[in-house]
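Undergrad: These are the residues of each chain, in order.
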Amino acid sequence: MLSSLLAVSLCLLTSFVRAGSDYHERLLLRPLPQNALLASFNFRSNESSSSFERQNFRYFPRSLGQILQHANTKELHLRFSLGRWDAESWGARPWDGAREGGTGVELWAWVDAESEANAFARWLTLTNALSGLFCASLNFIDSTKTIRPVMTFKPEGNHPNMSSPNLHLLHGTLPHEVVCTENLTPFLKLLPCKGKAGISSLLDGHKLFDASWQTMSIDVRPVCNNDGSDCVIEMEQTVDMVLDLDRSKRPRDNPIPRPLPIEDIECDTSKSYNSQDSCFPLVKTSEPSWSLSEIFGRPIKGACPITGEEGENAETVCLNVPAERNVDIKTNGGYTEVPRGEGLLRCYKLPSRDDFDISLPEQTLPTPLLLPQPPLTAARSINGHGQERGSVQAVITNPSDYPVSLIYLESLPWFMKPYLHTLRASIPGAPASTNPIKETYYRPAVDRHRGTHLELLLEIPAHSSLILTYDFEKAILRYTEYPPDANRGFDVAPAVIRLLPSDGNPNAPPVFLRTTSLLLPLPTPDFSMPYNVIILTSTVMALGFGNIFNLLVRRFVAVDEIEGWQPGGLTGALRTRLDKLKARWFGKGEKDE
Amino acid sequence: MAIDKQKAILFGAAAAVRLFLFTAFPSLPNLLTGRVEISTPVTSFKRLQEGLFLYTHNVSPYDGGVFHQAPLLLPLFSLLPNPSTYPFATNLLYTIVDLLGASALMQIAETGQSVSSRLFTSPRKDLRWSNIAIGASFLFSPFTIATCIARPTSALANFFVLSSIAKATQGASITSILALAFASYLSFHPILLFPPLLLMLYDAHVTSSKASPNPIGFSLAHVGGLATALGMLLYLSAILTGSWEFLAATYGVRLLLPDLTPNVGLWWYFFTEMFDSFREFFLGVFWLHILSYVGGLTFRLRQQPLFVVTSLLGIFAIFQPYPSIADSSLYLALVPLYRHIFPLMRYSFLASSTLLYASFLGPAFYYLWIYAGSGNANFFYAITLVWSLGLSVVVGDSLYAVLRDEWEVERPEMQGKEVRRI
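Protein chains in written order, with the working numbering: chain D, 1 to 593; chain A, 594 to 1015.
Any given hint could turn out to be false.
Simulated restraints on C-beta separations [what the hints assert, rightly or not]:
| no. | chain 1 | residue 1 | chain 2 | residue 2 | range |
| --- | --- | --- | --- | --- | --- |
| 1 | A | 869 | D | 546 | 25 to 33 Å |
| 2 | A | 956 | D | 487 | 18 to 26 Å |
| 3 | A | 612 | D | 426 | 47 to 55 Å |
Sample of chain D residues with no beta-carbon within 10 Å of chain A, all distances over it, derived [to be verified]:
| no. | residue |
| --- | --- |
| 4 | 155 |
| 5 | 206 |
| 6 | 324 |
| 7 | 420 |
| 8 | 447 |
| 9 | 503 |
| 10 | 554 |
| 11 | 558 |
Because the hints were derived from the structure by calculation, they are not lab data.
Glycine residues also receive a C-beta, built at the ideal position from the N, C-alpha and C atoms.
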């Protein structure tokens, strides 16, 4: 009786708890033009605020939760990225760039503290703890790489007192950081199913870091309902990658790309030089064939048991292909296919224990998949030559039919000294009187203490490009401040662009865009020379000083007056000493006798 | 009247050359402003523009690591129109500063202090160049013209130093001290010229008033005057910028050398290659080294304080933290005043060819390091060593010649004979 009562109460408890703390995972696969595939993994865990504060962690990982509590961090966004998103071929970024980071590691968080110094101390605690958790060198985010953005980032969560001055936003970035398997493994360990079941079982370091573009992101934010009660802490982990299908299909033991034998290549016969031994490969218009086990190296190992049983939560794999595309499902267990998104999306509920594989054969489609177009494109580069100075040029294009406002954020290292009086924004084709820069926030760099923080509010009219340029000067660093590969240069963090919502829709989700990072070569001294430089410079100084000192201290005598005078110097001293010794020996001998 | 006409022609020609270069080659000023031999982080015109931009946009220019120049320059240059659109006013200002400096130099030459001071008259005092020749050697020196075209703020400091010396030879205490205060406020190291200038003022007072004022009272009065002038300037700067943080950004940069941009001096590469634990020690050693010349030269050459000033300016041109050819042009402007000792100098050919060699190869090796990438930093460093050696040969050799000239007053039979120093 007692045991059955216990079992019933346990069941009730688990169902009640499950309703309060959800877990949700989703994999979106979207074939992209030119043999690419976008795979977007999304994992969401909720924990109610009360359990979070009492340290009852169920789906929210304890390691991360305790770090956030210790560092008084209310909202955290961490990104690991590699590669470049090709907007012309692949369209708009997944999640509208909201889950994307700049090359390397990017971290921004809202920290609760009474003063700025306190907030910075907590920020350092946070970065050091996260560095240990993720095996990434986040501990290098110090005051030279941290800025406090003013306009660019808005909190995604519902904070109880939003406008209180105690909530400090700090942003740090490490563009030189290389993201690899040692960062993926702790990422997977934070998941409830830990990469062993569900869609996370596809994530493998070899394939993920071979992608043309990949981002791993972690977002933790408090979410409350409208009246402020019933808050949950939501953690969202996302892995987005664009895989090159040919490269991913290469087997692991034979990764070297080899050209196909000429018999297997389809040649463009309209070319004049087409013959038996010269061939211009025909661009394939058909969709390539691929399957999950080919490109990820393994099929999905069943569903993660804690995803829901019915409804949209249970459909964990979605495929974004046109309705005509043939899809083969290879599994032994039972699965359910649900069409969504007006025929363009096919979502699957995975079998609970059996392997699940999706395979798409090669097929020529009458109409390719229509990709969402990016609302803005941006490119940034360094102009100029030589290692003394240069200029940065950013070209931001607005292809849409209406003018856009955007915030442009740059966080530059201290050894790149921009000249703000040379900042020019021009829109080719627009009248010269309009200034596209509406607001500027600039905090200059201080050598070895703080980097440059520049935020601009820009307005670009419809169908126009904005060209933003400014000059900068490169500094020469101290001997110990250069990295071991000094002639490679230093990485400059990507610029972050946030598209402001148009007037019609102020609560729309944010649209972000990041440019690529820059490689800044600095002039290097000769590293083999510290001792030589010290002795040579000291020699020159000693020559000058010694010459003047001798002139000031000595007096002139004529050459012929020197004969009658005891010569000084070494010879004189030796002679006098020798004479004295002689006198003593021979004198002594005489005395003895 | 004839001299005035010659002076007018000289000034007109010098102004014409400068204005011609400014207007006929509109990209030349920016090109020269970018050269490290002329512009240093503490005098560069481009950094002044940046500081001015921040100042006019209500951002503190001293909160960053770019602008390291004196605060009172900001309201002065904000009166002028923007140089990128209307450069003529700035060009005219620098041309006038050059001409005023030349006028001060010619005043110094006119007094004849270089050949006969209160306590000493050279046996060779008839061997002199005319004032016009000395003014021309300053105005048409390529270093001076390049400095004027590149528009660094060291041109203004040079003018203040020259006018301070000119007023000291004439005995105008207040003007001299005020000019010295301005020069020290702009450049920091001219304050070390105070002891010899004090001697010059004392000598001028004694000759003009025929009564010898109490030396201690005289010195204290002038020290007090200098301190007051400097204090007023610093206080005005603090009011202008709102706080005292400009001190760390202007004088602190010269003392602690955070900015290691290459220049023609010895400091930058030394402190680039230095390990961090020895930085403070060597900074102290280098500054102590400069300070040590003042006392020794002033004592030994008490009878010729103008030569002490000249030698000290030469030493500053070599051993300053951020030297440029502006400092060497100032020194080489005062050297022709001592034409009478040129026959006694032993290494004039060596020194002049070394300076020419370094002037031509310096920009070439800098280009090889920074732009072509086929040379490394050692090439340019070697040229800075050669340049410093050349200047120190000039300083040392002229000091030898002046000391020998002094000695030959008491031993006139030694003219032309070989001597030794013991």
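Undergrad: For every hint, state whether the structure bears it out.
TA: Verification of the hints:
1. A:869 with D:546: 25 to 33 Å: Check passed, 29 Å falls within 25 to 33 Å.
2. A:956 with D:487: 18 to 26 Å: With a Cβ separation near 23 Å, residue 956 of chain A and residue 487 of chain D satisfy 18 to 26 Å, so the hint holds.
3. A:612 with D:426: 47 to 55 Å: 32 Å, violated
4. 155: 27 Å, holds
5. 206: 38 Å, holds
6. 324: 56 Å, holds
7. 420: 6 Å, violated
8. 447: The assertion about residue 447 of chain D is violated, with a minimum of 4 Å to chain A.
9. 503: 29 Å, holds
10. 554: Non-interface label fails for residue 554 of chain D: nearest chain A Cβ at 4 Å, not farther than 10 Å.
11. 558: Answer for residue 558 of chain D: violated, closest chain A Cβ roughly 6 Å.
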